[in-house]
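> What follows is the residue order along each chain.
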Amino acid sequence: MSRVGAETVLNAALAGLLLVAPLTALGLGEPYYANLASRVAILALAGVGLNLALGQGGMISFGHAAFFGIGGYVAGISAQAAFNGAAVVSWPLEVMGSNVMPPIWAAAMLVAGLVAVAIGAISLRTSGVYFIMITLAFAQMIYYFAISWPAYGGEDGLSIYVRNGFPGLDTYDPLSFFLICYGCLMLALAFSWRIMGTRFGAALMCARMNPERLATVGIEPYPVKLTAFVISAMITGLAGALFADLNGFVSPSMLGWHTSGEIMVFVILGGVGRLFGPVAGAALYVLLEHVLGGLTEHWQLLLGLILLGVVLFARGGLVGMVTGSARHG
Amino acid sequence: MTLALLIEQLLNGLQFGVMLFLMAAGLTLVFGVMGLINLAHGSLYMAGAFVCATVAGIVGSFWVGLVAGVLAAAALGAVVEIGVMRRLYGRDHLDQVLATFALILIFSEGARMVFGAQPLWLDMPDALRGHVSLPGGATYPVFRLAIIAAGLAVAAGLFWLIRRTRLGMRIRAGESDREMIAALGVDIARLYTLVFALGAGLAGLAGAMVGVLQSVQIGMGEPVLILAFVTIVIGGIGSIRGALVGAVLVGVVDTMGRIFLPVLFGLVTDPASATSIGSSLSSMLIYLMMAAILAVRPRGLFPANV
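Line by line, the protein sequences give chains G and X.
In terms of this note's numbering, the first sequence has 323 at position 323, counting the first letter as 1, and numbering is strictly consecutive.
In terms of this note's numbering, the second sequence has 216 at position 216, counting the first letter as 1, and numbering is strictly consecutive.
Same shape as in the complex, but just chain G:
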């Protein structure tokens, strides 16, 4: 039990560090680092979503950029419509644009979830390497659609001229915005921790490890996996909506396959299937990006070498390295 304890301590330390770092930075008058911490929280949130499908459900989705980008586009389109006083959808019922975060989040999660139902329903008919490539291909399909569909900016993307608001907070204040992102991240972590303790969580874990046995006890693996895939997509969609507000901009590159790869890197770097794995992974990734980017313009080369080293020599990711334990379950 002491090893499980070590991971719990590490998780608490990560959660505390992510909260203290931007507060310290703001205290020293460095709002840039608070924005960097918001970026970590948002990317970690996207990773938490993917981790539910990839880590717990064993579904290696290489297309989560689709949901991340959809969340971003929902935020961008809604903000643009609210800015112009126009409707987002005029048929069958009129939906006006909103520039308030909670309804935008709900819409982002709803749309990402609906798309995930369609993608998941087809992709989960396959498994293994086919699943990886099909999720990749579907994400590319949405990427090309976003590029070629002129109404929402096409290749140029969409600008969010005024950052969406949150009742009672000034979202332009770096600390308030960070706290919103941090709150979402903590809620998602609590949710995914809670869900793994339920009957559904047990079924999902079993669907990854031994689908035949799950079917034998009378639970069909397919709907369990599809549900997890959809929830996973919704969390990543929420992260996308926040990311759009962070940058004030939505571009098709949020939907591109590099983004899918990066979300996957957060999860694997931190430790697949670990609750706080994506937090550790996203923090390390953003830190590396920042530090290496300051050293040389060819920082991607160094980043690639580090990633390659981690895959080849440090299995189990950061959380596994620190706690020194094999993944349980």
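These aren't lab readings, by the way, just hints derived from the structure by calculation.
These numbers come from a predicted model, not from an experiment.
Hints should not be assumed to be uniformly reliable.
What the hints assert, rightly or not - Per the computed footprint, the stretches of chain X lying under chain G, defined by three or more beta-carbons under 8 Å from a beta-carbon of chain G, are: (1) 6-20; (2) 93-106; (3) 216-230; (4) 269-280.
Said to hold, decoys possible - Derived DEER-like restraints, expressed as beta-carbon distance ranges: (5) Phe83/G x Val64/X: 50 to 60 Å; (6) Gly248/G x Val268/X: 33 to 43 Å; (7) Val20/G x Thr269/X: 55 to 65 Å; (8) Leu17/G x Val263/X: 52 to 62 Å.
Every residue gets a Cβ at the ideal spot worked out from N, C-alpha and C, and that includes glycine.
Dock chain X against chain G, hints included.
Quick look at chain X alone, frame taken from chain G:
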């Protein structure tokens, strides 16, 4: 809508398909024999194009550049196999995806350091300049026909290699039972390096030839790589025959869709929205086709080990 346009677009689709086949063949061989997903295959394509453009620029001959590009890609493939891929065969697909994703970052940035950020241009060889006339009055560039011919020749050679030679026999044996052929005294490590270098050389060939038609630049391999993935998923991963059929299908459907879908929509709506709906839909067309094929046949048209 004339016969000439139809034939011209069919040939364009075929040329695109043949080029995709050169990429897909390496991917599907490496997956079939070693069970490895290689995202960095597009980097080998880029390497072939860059070396071809650079050498052709120095020597002044496209043909020398072409040979150099193919050899460089194959050599790079062998180095990568020995240095990295070898450690990944026993790992799960997740590790392979991440490691080869890291290789893409390394190769893209490496190419930027070696060749610079500016795109390079390749001159068409004099022997393949000019056009031939097609039935219906149109003309077609000789170079594109040469790509089709080269691709089909490579396909025939590959089928011969795999079905009729000792090396091909070993490759097929490696697909079905690697322990057994190792026990029979075949140096399996060398066989794997050879297969990987062969696939890399084909990707380099595709890159060098396409470099004449479009600019040679960083990241040129990635869109092609994803289409090659679609191709082998449609064809059935591990099957060379599936890769050929899938590649031609993807090439022709994509090319024809881009030309004819806007025209088709023009029959029912006004020209402006026909263009935008048609072009959006055509950019999604091959993915929709893939979804439809997989809904009916989840393991592709020609399931592996054929």
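> Next step is simple, just say for each hint if it's right about the structure.
Now the hints, each set against the structure:
Taking a C-beta to C-beta cut-off of 8 Å, the region 6-20 of chain X contributes 0 residues in contact with chain G, too few for the three needed, and the coverage statement is violated. Check on the region 93-106 of chain X: 12 of its residues sit with their Cβ under 8 Å from a Cβ of chain G, so the three-residue criterion for coverage holds. Coverage of the region 216-230 of chain X by chain G holds in this model, with 4 residues showing a Cβ closer than 8 Å to a Cβ of that chain against a need of three. Taking a C-beta to C-beta cut-off of 8 Å, the region 269-280 of chain X contributes 3 residues in contact with chain G, enough for the three needed, and the coverage statement holds.
For Phe83/G and Val64/X, the Cβ-Cβ distance of about 58 Å falls inside the hinted range of 50 to 60 Å, so the restraint holds. Roughly 39 Å separates the CB atoms of Gly248/G and Val268/X, a value that falls within the hinted 33 to 43 Å. Checked against the hint of 55 to 65 Å, the pair Val20/G and Thr269/X passes, with Cβ atoms roughly 58 Å apart. At roughly 59 Å, the beta-carbon separation of Leu17/G and Val263/X lies within the given 52 to 62 Å, and the hint holds.
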